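There are 2 protein chains.
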Amino acid sequence: MTEFRRDPIIGRWVIIAEERGKRPSDFTEEEYTVQRGFCPFCEGNEGWTPPEILAVRDQPCATNQPGWQLRVVPNKYPALNTYGQIDRHDDDLFQHMSGIGAHEVIIETPDHNTSLADLSTEHFFQVIKAYQARLQALANDKRLELAIVFKNHGRPAGASLEHSHSQLIALPIIPKRVAEELQGAQTYFANKDRCIYCDIIKSELAAEIRVIDQSDEFVVIAPYASRFPFEMWLLPRTHSSHFEHIPEHILRALARFFQKQLTRLNQALSSPPYNFLLHTSPFADRSTAYYHWHIEIIPKLSRVAGFEWGTGFYINPTSPEQATLFLKGNE
Amino acid sequence: MTEFRRDPIIGRWVIIAEERGKRPSDFTEEEYTVQRGFCPFCEGNEGWTPPEILAVRDQPCATNQPGWQLRVVPNKYPALNTYGQIDRHDDDLFQHMSGIGAHEVIIETPDHNTSLADLSTEHFFQVIKAYQARLQALANDKRLELAIVFKNHGRPAGASLEHSHSQLIALPIIPKRVAEELQGAQTYFANKDRCIYCDIIKSELAAEIRVIDQSDEFVVIAPYASRFPFEMWLLPRTHSSHFEHIPEHILRALARFFQKQLTRLNQALSSPPYNFLLHTSPFADRSTAYYHWHIEIIPKLSRVAGFEWGTGFYINPTSPEQATLFLKGNE
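Residue numbers (this note's numbering), protein chains in the order written: chain A, 1 to 331; chain B, 1 to 331.
One thing to keep in mind: the hints can contain errors.
As the list claims (entries may be wrong) - Beta-carbon label-pair distances, calculated as ranges:
no. : chain 1 : residue 1 : chain 2 : residue 2 : range
1   : A       : 263       : B       : 187       : 43 to 53 Å
2   : A       : 191       : B       : 194       : 29 to 39 Å
3   : B       : 238       : A       : 112       : 30 to 40 Å
4   : B       : 271       : A       : 83        : 33 to 43 Å
Keep in mind the hints are simulated off the structure, nothing from the lab.
If you're wondering where the values come from, they're calculated on a predicted model, not measured in any experiment.
The C-beta atom is built at its ideal place from N, Cα and C for all residues, glycine as well.
Please model the complete structure; the sequences and the hints are all you need to start from.
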């Protein structure tokens, strides 16, 4: 049974996913399917995933059959269970609760060898539209507080299957780091009556040295206190708190701009492994003036070592100003 | 010039170590010296490191010459500078300060092929005595708030040189994660008038299911909300806030017990890469009743992926109770 457990000292929640029940020997070599010649995400292998939740198809046809462009399926080894009520136990030191939530996989393309950056713009748009559709659907589940959409691209970035996919995890609690962001943004708003992200965008556009790219609707910057070399934050220029509320024409503009940044990353850093992660407001909040959805993109170039995970303090060997120059290239 | 920068939203400090000035191509393959046949940490190569700060030698002999068992040297590419005053700048959004601090390397053995777990108990004792000596010395530097001693063992755990070594970083600010621990422990103490670590030890010794080993002086547990599979916390049974205050006979007992746990890790998990990290009280605090020094040991078995770094929320596929059984083995 999967459960959430709370660290009694700093209050961090973790998911203990015992169903995966990993023994020491299970860690020796993780599966990376291409090497075994079989991929459950490829067209024709629909039976190897749980039944689809959503799919984009050119022609109307039966579900869980070939003929799709994109599928959303529950994770076959979910870290969380979809069904059940939240059961919470507190004793003096230790708190735990049942591992309710959603863990979904967005299979971005039927083709094993196409990466997200290589999709057509229309196809890329369908991918982020699927993110939005799933967020909209999960927002109606009153047990859930928040969802995170993320992608692990390449083995060093944590991908366990090579076939291009992203993931969505929806949680009944707000994770520590997101809660800190919300809190920081709320405090700033309480003091200044302005969104801190809007102020950062304004300040960065004026200073220019950390602006990697901009369009009418979006901006991508190297954040001032970047944790990782070549870290990028993509933000909408106009204040917007919830990704699930974006109108379609803005989502289309995002598809073009976001894909351009992934292509930039591939060109500047020779197609590195990377993670990206969508930060958006908790479901319960209606549109707010203080929080601003954004996408964090991190190429995985260096190893995070003992010092970083132990202290929450990062050492970054490339300044964001330098990173901006490299990422802008010879534009 | 190295500098500390503060994230304006969540207040996390990072070190931008521009002196390292890493360009994209510098990340392709990090050095891992054995492959190049030369190691600056080996006996006879003393000239390749900055001059030693401390050394243990069998015979009195000249510094920075062969004949040592253990050397402490400044990091050749330090993330922080030892000299200078702390210069702090705040503007509306962005805060930064000069990168003052210490970054030292403890070369644990002159022999390239001996690992920490394989040292004699006396030699292992000399290593942790060196940690203590350096903490005691740095505690006198009024610019510094805290030091962290840590080890990255093996490439996947972030070691850039194979030769067995640990590191020490001393900082003029308290890192976020450590500050959260101190705060959590203080809050608990304010409510209960007891140390939370002492209470955890008592509770775990009674429950037994997460106790991996114990001696008269120490206990090692799989923490209740373990972030990583086979995570271990080593704590003194008697309350103690500062590692630099431990008397020598307890330090000797620690050497025996700590080394035993590293051997246990090697046996249970086939000599995995690992990190360990010593958490001890800030220098400025005299002995306190609320914080309890401890060592966190994390074998590096799985990759930390997008979800974890983006949310501060960990998914752990092995429960600490299961991990305890595996780590105890057939005792």
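Here's how the hints hold up against the structure:
Checked against the hint of 43 to 53 Å, the pair residue 263 (chain A) and residue 187 (chain B) passes, with Cβ atoms roughly 48 Å apart. Separated by about 37 Å at the C-beta atoms, residue 191 (chain A) and residue 194 (chain B) satisfy the suggested range of 29 to 39 Å. Hint check: residue 238 (chain B) to residue 112 (chain A), Cβ distance near 58 Å, so the stated range 30 to 40 Å is violated. In this structure the supplied range 33 to 43 Å holds for residue 271 (chain B) paired with residue 83 (chain A), their Cβ-Cβ distance being about 41 Å.
When the structure is compared with the earlier hints, a violation turns up for hint 3 alone.
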